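Number of protein chains: 6
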Amino acid sequence: MYELGVVHRNIVRGDGAAADALGQLGTATVHEALGRTGLLKPYMRPIYAGAHASGTAVTVLLHPGDNWMLHVVAEQIRSGDLVVAAVTADCTDGYFGDLLATSFKARGARGLVIDAGVRDVRTLTKMAFPVWSKAISAKGTVKATLGSVNIPVVCAGALVDPGDVVVADDDGVVVVPKAMVNKVLEIARTREANEGAKRAKLASGVLGLDMYDMREPLARAGLKYVD
Amino acid sequence: MYELGVVHRNIVRGDGAAADALGQLGTATVHEALGRTGLLKPYMRPIYAGAHASGTAVTVLLHPGDNWMLHVVAEQIRSGDLVVAAVTADCTDGYFGDLLATSFKARGARGLVIDAGVRDVRTLTKMAFPVWSKAISAKGTVKATLGSVNIPVVCAGALVDPGDVVVADDDGVVVVPKAMVNKVLEIARTREANEGAKRAKLASGVLGLDMYDMREPLARAGLKYVD
Amino acid sequence: MYELGVVHRNIVRGDGAAADALGQLGTATVHEALGRTGLLKPYMRPIYAGAHASGTAVTVLLHPGDNWMLHVVAEQIRSGDLVVAAVTADCTDGYFGDLLATSFKARGARGLVIDAGVRDVRTLTKMAFPVWSKAISAKGTVKATLGSVNIPVVCAGALVDPGDVVVADDDGVVVVPKAMVNKVLEIARTREANEGAKRAKLASGVLGLDMYDMREPLARAGLKYVD
Amino acid sequence: MYELGVVHRNIVRGDGAAADALGQLGTATVHEALGRTGLLKPYMRPIYAGAHASGTAVTVLLHPGDNWMLHVVAEQIRSGDLVVAAVTADCTDGYFGDLLATSFKARGARGLVIDAGVRDVRTLTKMAFPVWSKAISAKGTVKATLGSVNIPVVCAGALVDPGDVVVADDDGVVVVPKAMVNKVLEIARTREANEGAKRAKLASGVLGLDMYDMREPLARAGLKYVD
Amino acid sequence: MYELGVVHRNIVRGDGAAADALGQLGTATVHEALGRTGLLKPYMRPIYAGAHASGTAVTVLLHPGDNWMLHVVAEQIRSGDLVVAAVTADCTDGYFGDLLATSFKARGARGLVIDAGVRDVRTLTKMAFPVWSKAISAKGTVKATLGSVNIPVVCAGALVDPGDVVVADDDGVVVVPKAMVNKVLEIARTREANEGAKRAKLASGVLGLDMYDMREPLARAGLKYVD
Amino acid sequence: MYELGVVHRNIVRGDGAAADALGQLGTATVHEALGRTGLLKPYMRPIYAGAHASGTAVTVLLHPGDNWMLHVVAEQIRSGDLVVAAVTADCTDGYFGDLLATSFKARGARGLVIDAGVRDVRTLTKMAFPVWSKAISAKGTVKATLGSVNIPVVCAGALVDPGDVVVADDDGVVVVPKAMVNKVLEIARTREANEGAKRAKLASGVLGLDMYDMREPLARAGLKYVD
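Chains as they are written, first to last, in our numbering: chain A, 1 to 227; chain B, 1 to 227; chain C, 1 to 227; chain D, 1 to 227; chain E, 1 to 227; chain F, 1 to 227.
Since the hints were derived computationally from the structure, they do not count as laboratory data.
Heads up, a few of these hints could be off.
To spell it out: a stretch of chain F is covered by chain A in this simulated footprint if at least three of its residues, at any positions, have a beta carbon under 8 Å from a beta carbon of chain A; those stretches are [as the list claims (entries may be wrong)]:
#, segment
1, 78-85
2, 131-144
Restraint-style ranges between C-beta atoms, simulated for each label pair [said to hold, decoys possible]:
#, chain 1, residue 1, chain 2, residue 2, range
3, E, R199, C, K126, 39 to 47 Å
4, B, Q24, E, V226, 30 to 38 Å
5, E, Y225, D, G205, 52 to 60 Å
6, D, A144, B, A49, 36 to 44 Å
7, F, M211, C, G222, 21 to 29 Å
8, D, G205, A, A49, 15 to 23 Å
9, F, G35, A, A203, 49 to 57 Å
10, D, K126, B, G50, 17 to 25 Å
11, C, R220, F, E216, 52 to 60 Å
12, E, A144, B, A49, 51 to 59 Å
13, A, G50, F, R220, 52 to 60 Å
14, E, R199, C, G35, 49 to 57 Å
In silico DSS-like links for lysine-lysine, alpha-carbon gap of 27 Å or less [as the list claims (entries may be wrong)]:
#, chain 1, residue 1, chain 2, residue 2
15, A, K224, A, K201
16, F, K224, A, K201
17, C, K224, C, K41
18, E, K143, C, K224
19, E, K224, A, K126
20, C, K134, D, K201
21, A, K224, F, K143
22, E, K224, A, K105
23, F, K201, E, K126
Predicted model, so just to flag it, every value in this text is computed and none were measured.
Yeah, the Cβ is synthetic: ideal placement off N, Cα and C, and Gly gets one too.
Hey, can you work out the whole structure from these sequences and the hints?
Next up, the structure:
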């Protein structure tokens with residue numbers, strides 16, 4: 001159940017430098033560092049190839065077909081934030097276009113994650129303003145019903161608290177609880193550090209079967225080779 | 001992000017009597033009393049017509065294709081509870097069948113809400129053990145990976161905290177935060193109390209247009225009648 | 001594009017007796033008589049098994065999450081009508097429940113076809129008020145935006161003009177343009193008249209291959225039998 | 001790739017008595033006995049609650065919107081067969097209705113599994129002719145293009161060879177390769193034999209945790225209890 | 001219900017210059033100018049990023065898996081037309097490829113909007129022949145059944161009359177009734193004219209809250225700020 | 001039903017030169033040459049525009065959320081192979097990323113076709129390693145359960161035998177049984193050879209109606225022109 005009609009102005013934001021660092025590592029690595037949780041549903045796709053962003057979440061709860069609160073949330077954006085928008089029911093309308101993107105950008109937003117539709121994608125692409133959405137639609141919205149800003153929201157199946165760190169790229173969107181940001185960063189960096197050596201080995205023709213010592217557990221599990 | 005591998009044994013449960021009373025009022029009324037929030041996605045359907053249940057939520061987080069934790073959660077069920085099961089990724093496998101239902105029932109469970117599949121629906125129907133699920137599937141699951149019990153979960157798009165009151169019937173599933181149960185019950189009862197008189201008026205041919213005094217606001221909004 | 005904010009009070013209705021007769025013949029037969037057109041998308045399902053209805057269409061255009069116009073359309077219902085509701089964007093909210101059904105019934109409505117969700121399905125079933133919808137959802141709606149009544153609407157992929165005859169049963173929903181009602185009825189009756197004899201033959205073990213003289217065209221098309 | 005325009009008249013059928021026995025055990029048990037494979041996609045649903053059937057597969061490959069080959073396959077049905085129909089592309093049209101059901105029944109068919117739509121479901125239900133399909137639709141089909149009968153087909157994601165045993169009930173549809181029927185039956189019976197005792201234990205309040213000795217492996221996997 | 005087997009050769013086309021002007025304004029602006037109606041479902045997507053076109057609709061009704069009528073409609077294309085293709089049932093087959101595109105282009109077509117699939121998208125992209133479709137599929141079609149040309153069709157949920165103006169770009173497809181083209185153009189231009197100034201203000205950091213005077217209505221609706 | 005826990009090391013591969021030649025012709029042409037069969041479902045999409053590949057199939061059967069067998073299959077890849085991965089239940093997890101791609105590439109793989117999700121798409125794109133999948137998802141997988149390598153699999157609705165030739169491009173994925181590769185190549189080449197002349201004619205304004213002599217059969221089918 002959501003608290004409606006409220007804007008929380010003072011939220012505790014996760015560490016911005018850590019958010020930047022996690023953004024460099026990418027969603028796949030961060031999601032693994034989180035124990036394979038925290039991922040938004042894979043129907044959330046970037047509006048252009050190569051989109052990537054990370055930042056601290058400013059959240060907004062919207063009603064179907066109504067983007068009034070996107071104007072309210074704009075005022076709460078600080079540099080380094082990424083807006084996360086949830087809707088109280090499934091909706092593919094185009095809530096967000098180039099005017100709002102201009103405003104969000106001017107406020108310092110890194111991008112938008114919205115469990116609904118967006119429009120003006122050609123202009124958004126030219127502006128290099130990254131958006132992850134579940135639809136693209138020219139359909140406009142009204143401005144009639146109050147939602148809330150900076151409350152915990154469920155966006156595309158994931159709980160996002162205001163101030164959490166959000167990482168988004170071509171592979172999807174992942175949310176890191178602000179209290180865990182540094183720990184997750186550390187795990188993610190360790191994981192990443194190992195990847196270069198692995199990549200070189202695999203490129204040389206070494207098999208994962210050998211590099212990861214999988215032959216014995218596979219045999220134990222009963223794998224049989226037939227010629 | 002979820003806390004994995006943990007079972008919280010002592011949870012604060014919402015008021016059981018209020019849960020019963022909310023169950024009598026039904027999901028549509030309770031959802032309205034909650035300001036039209038708290039509803040799980042409408043793909044959650046009862047496995048038989050007429051299924052209805054309410055109770056305090058015991059939550060469980062599962063992995064795709066793995067029902068191990070359903071055995072773990074069984075031990076945490078108390079009479080009057082309703083189990084709410086979330087999965088870390090989309091899955092339609094049949095996690096739950098007549099054996100688990102027998103166990104859940106013996107522990108006092110009112111029913112199951114699971115964002116995945118179930119099986120043995122013919123037997124479950126005969127047992128009158130109500131389940132709301134997103135699929136029915138004979139596909140079985142393994143018992144290999146730890147999830148958690150009694151942590152906050154996102155189930156079918158809604159956040160469910162352990163101990164929250166869950167109401168489910170033919171119209172869907174709604175979750176009431178435990179702290180709000182009594183207030184919501186009061187609002188729901190007031191709403192319900194008015195419905196009898198309204199129903200009688202409408203049955204006699206009185207129009208909602210008149211009963212709700214809609215003609216004037218419709219005209220103000222610009223509605224035109226053409227003969 | 002739709003005309004918004006208008007209620008057409010005087011519409012020409014198709015022949016009511018023919019609507020009744022078409023209802024007896026069922027959607028499969030009527031759809032064939034229409035040259036296999038006129039069918040609403042198959043996601044439109046009755047809320048209970050055995051639901052069947054036919055009548056003259058009173059149409060209403062709704063906005064997502066807003067059922068205000070359902071109260072407006074109620075006044076335009078005459079005995080023998082069936083309400084056809086379209087929405088300007090995809091929406092699964094529960095627009096219609098037992099109070100509106102009570103009102104519609106009191107006005108003489110035969111049922112409702114709605115390209116959205118409904119609720120109170122248990123009560124609607126008890127009332128034997130048939131509804132065809134694309135979803136069942138406890139989610140309520142607001143009353144804020146004007147649509148229109150008795151304009152041509154696209155409902156679940158089919159164009160429905162006010163006054164057209166609508167036939168609905170377990171197999172789906174079909175719309176018959178009012179100008180063609182009698183011709184379609186004649187074709188449908190002829191078709192139906194032949195079915196009894198065919199059924200008896202097939203029940204006795206005669207093959208469709210022989211009854212419909214298909215062996216020769218199949219051979220001509222190149223069908224080969226292999227032992 | 002499919003062989004088109006061919007009817008194989010002589011196929012080797014799996015053991016009919018075993019097919020009957022597997023039908024009694026149900027899809028969930030059979031699917032487990034098969035090592036959790038062999039299941040058709042869960043979108044395949046019975047047209048009425050309580051439908052159940054098993055038999056030897058007579059297969060047919062259809063084209064989208066064309067049911068000509070259903071008449072051809074009718075001739076190949078023997079008592080104890082169950083027809084499995086695949087389509088070369090996604091289609092929800094109503095390929096099969098009461099006339100074909102009358103013919104199939106007269107030939108001894110146990111039921112139909114079709115990866116497309118059916119119609120006349122009210123009559124089929126009255127006839128107690130069970131059908132598993134992905135859609136219900138009044139939309140009729142033409143008779144214009146050749147498919148094949150009794151070739152291996154992919155139906156709802158599963159490979160079905162002519163003569164394989166198919167088991168279908170409320171939980172879905174499972175296919176058992178004819179060469180494995182007796183072995184699978186034996187495994188399934190053993191599994192089933194254990195269930196009665198388990199059910200009694202669970203009904204008495206014994207937990208699966210104890211009955212299946214799960215506590216130790218759960219602890220080893222790291223499960224922690226928090227009070 | 002559709003009229004089958006007919007080609008209307010003489011249709012009244014909307015104003016071509018206005019179609020061009022509307023194309024410059026884009027679907028989001030045109031859709032707003034139409035009072036937020038007239039949009040095809042958002043599953044209609046361009047086959048390449050940056051596709052945009054506008055023109056007068058030449059319509060064609062196809063059957064599932066049958067593209068015969070695309071050859072018939074080719075002859076009816078005049079320079080400045082855009083072909084709108086509807087299908088009588090859901091189908092994702094690849095109805096249209098580079099040969100038909102070559103023909104359509106030679107006849108002066110601006111593009112194709114088809115509620116089905118297309119193929120040869122690599123070549124179509126090189127040819128810069130824009131197509132909006134619901135699927136991409138190599139699956140070919142037959143040429144066996146008559147549809148119609150230049151009748152009113154329902155395409156992706158929207159009614160399109162022959163000669164209507166269609167505008168399509170990255171945000172989707174919108175249809176403007178030919179009688180309203182000039183009025184809609186005027187509204188759209190006014191809307192567009194205001195956007196430049198707004199964009200500049202927003203870019204300078206002015207909030208929509210202030211620019212649109214939303215603070216007072218938000219407060220009246222009950223919005224509360226919490227520090 | 002699948003054989004589990006087995007790796008077939010010696011498979012008969014279709015002709016590599018023919019696989020190359022079919023790849024040049026593209027999926028649309030090859031699919032036509034196969035009599036319009038052999039196509040995987042159109043939800044299988046390349047991860048970047050312009051991806052194209054052909055090769056001999058090395059198959060692997062995976063379990064939901066488990067990519068262990070992708071390491072096993074890597075060892076069986078020979079230069080010119082294309083890996084085809086099926087899953088025993090619907091799953092969108094990201095089974096495959098840049099490390100596995102590095103390994104597959106080092107082994108000589110032409111690409112991957114997987115009825116599930118992939119991740120690291122930005123890196124895969126830079127590597128020009130083509131993948132066709134049904135989803136993109138950062139969600140990782142475990143390594144716990146045995147599947148099989150080089151058994152016949154059903155991938156996205158199509159049966160793929162080890163060694164079959166697979167052709168994939170922007171239009172989708174098609175499988176050619178290895179025994180038919182040369183015959184299909186011949187038909188496909190003949191088809192292709194005719195296209196150049198046709199394209200030139202159509203580009204000059206000749207209509208398909210005339211080039212394909214369709215006017216007479218259309219008239220015979222009853223097509224009427226109305227002025």
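Evaluation of the provided hints:
1. 78-85: Coverage by chain A is violated for the segment 78-85 of chain F (0 residues, Cβ < 8 Å).
2. 131-144: The restraint on the segment 131-144 of chain F holds, since 7 of its residues have a Cβ under 8 Å from chain A and three suffice.
3. E/R199 with C/K126: 39 to 47 Å: violated (56 Å)
4. B/Q24 with E/V226: 30 to 38 Å: holds (35 Å)
5. E/Y225 with D/G205: 52 to 60 Å: holds (53 Å)
6. D/A144 with B/A49: 36 to 44 Å: Hint holds: Cβ distance 40 Å, inside 36 to 44 Å.
7. F/M211 with C/G222: 21 to 29 Å: Holds, at about 26 Å.
8. D/G205 with A/A49: 15 to 23 Å: violated (57 Å)
9. F/G35 with A/A203: 49 to 57 Å: violated (42 Å)
10. D/K126 with B/G50: 17 to 25 Å: Holds: the Cβ-Cβ distance is about 22 Å, inside 17 to 25 Å.
11. C/R220 with F/E216: 52 to 60 Å: violated (19 Å)
12. E/A144 with B/A49: 51 to 59 Å: violated (43 Å)
13. A/G50 with F/R220: 52 to 60 Å: holds (54 Å)
14. E/R199 with C/G35: 49 to 57 Å: holds (52 Å)
15. A/K224 with A/K201: holds (26 Å)
16. F/K224 with A/K201: The given pair, whose Cα atoms are some 69 Å apart, is violated under the 27 Å limit.
17. C/K224 with C/K41: Violated. C/K224 to C/K41 sits at ~36 Å, over the 27 Å cutoff.
18. E/K143 with C/K224: holds (23 Å)
19. E/K224 with A/K126: The hint is violated at about 36 Å.
20. C/K134 with D/K201: Violated - the C-alpha atoms of D/K201 and C/K134 are around 43 Å apart, more than 27 Å.
21. A/K224 with F/K143: holds (17 Å)
22. E/K224 with A/K105: holds (25 Å)
23. F/K201 with E/K126: Satisfied, since the Cα-Cα distance of roughly 19 Å is no more than 27 Å.
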